[in-house]
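Chemist: Adding 9 to a residue's 1-based position in the sequence shown gives its number in the working numbering.
Just so you know, the hints here were simulated from the structure itself, not pulled from any lab data. Some clues are possibly wrong.
[To be verified] Below, in silico cross-link-like pairs of lysine-lysine (PhoX-like), each with a Cα-Cα straight-line distance of 20 angstroms or less:
#1 Lys167 with Lys131
#2 Lys155 with Lys167
#3 Lys131 with Lys155
#4 Lys117 with Lys92
[What the hints assert, rightly or not] Restraint ranges, calculated between C-beta atoms of paired labels, are given here:
#5 Gly177 with Trp42: 34 to 40 angstroms
#6 Ala83 with Leu141: 33 to 39 angstroms
#7 Ala129 with His61: 55 to 61 angstroms
#8 Ala129 with Ser72: 30 to 36 angstroms
Ideal placement from N, C-alpha and C gives every residue a C-beta, glycine not left out.
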Amino acid sequence: MDKTHEAATADTVTTPPSIQTATTSAISLPPFWPNRTELWFATAEARFDLAHPKITQETTKFSHVLTVLSPEIADEVADLITKPDAVQPYTKLKQAVINRTALSESQKLRQLLSGEELGARKPTQLLRHMRLLVNDTGYVNDEVLKELFLQQMPVNVKPILLSLSNVGLEQIAEVADRIIEHTPAITVVSSKESKTWYTEEKPADLIAKLNTRLDDILQR
10 MDKTHEAATA DTVTTPPSIQ TATTSAISLP PFWPNRTELW FATAEARFDL AHPKITQETT
70 KFSHVLTVLS PEIADEVADL ITKPDAVQPY TKLKQAVINR TALSESQKLR QLLSGEELGA
130 RKPTQLLRHM RLLVNDTGYV NDEVLKELFL QQMPVNVKPI LLSLSNVGLE QIAEVADRII
190 EHTPAITVVS SKESKTWYTE EKPADLIAKL NTRLDDILQR
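Please take these sequences and the hints and turn them into a complete structure.
Modeler: Quick look at the structure:
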């Protein structure tokens, strides 16, 4: 074989796929978003799709993700980092990160509504506002919402509201409106501040009056 033929042959040799992928699929992933894990993975996968050539190998995706995980997140999924899944290392890592670090529905609601206080609003107004905030997120849990709502009720009213069984949250708020409307002395408790209006009535006498008013309200 002459030198001219050897040179022509060399020019036609193609780069093996594995080498080609290694040299052309370098991408930059955004910093990890610990509070928006699902959104972050969606963004990362969009970048995998836009790479040239497209990144489809589980091991390659796995390696890229490892480069941006914070030490805290990596510690949560250390078992899958030190011993990656043999078949789906990236998919298993993704599922574990989302499941182990994402806030639960209850935690999301608490975080969202933590700053909401009764203030000068009626209980029904507060509840409507809380529902608007919750509905915008797409996850609704009336039990948690009820708990957070009752936390913002006056301390002299809350025991009565807690005693209501088989009553919807909206009706509880309406009862709270009427009790507060007819109660001259209440204490409002919130996570940030307390405002107190004192009364000469003994707590037991006040509770008895509130219970009487509650019976009247529920009979209307």
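Chemist: Would you pick out the hints that fail for this structure and give their numbers low to high?
Modeler: Numbers 4 and 8 - these are the hints that the structure violates, sorted from lowest upward.
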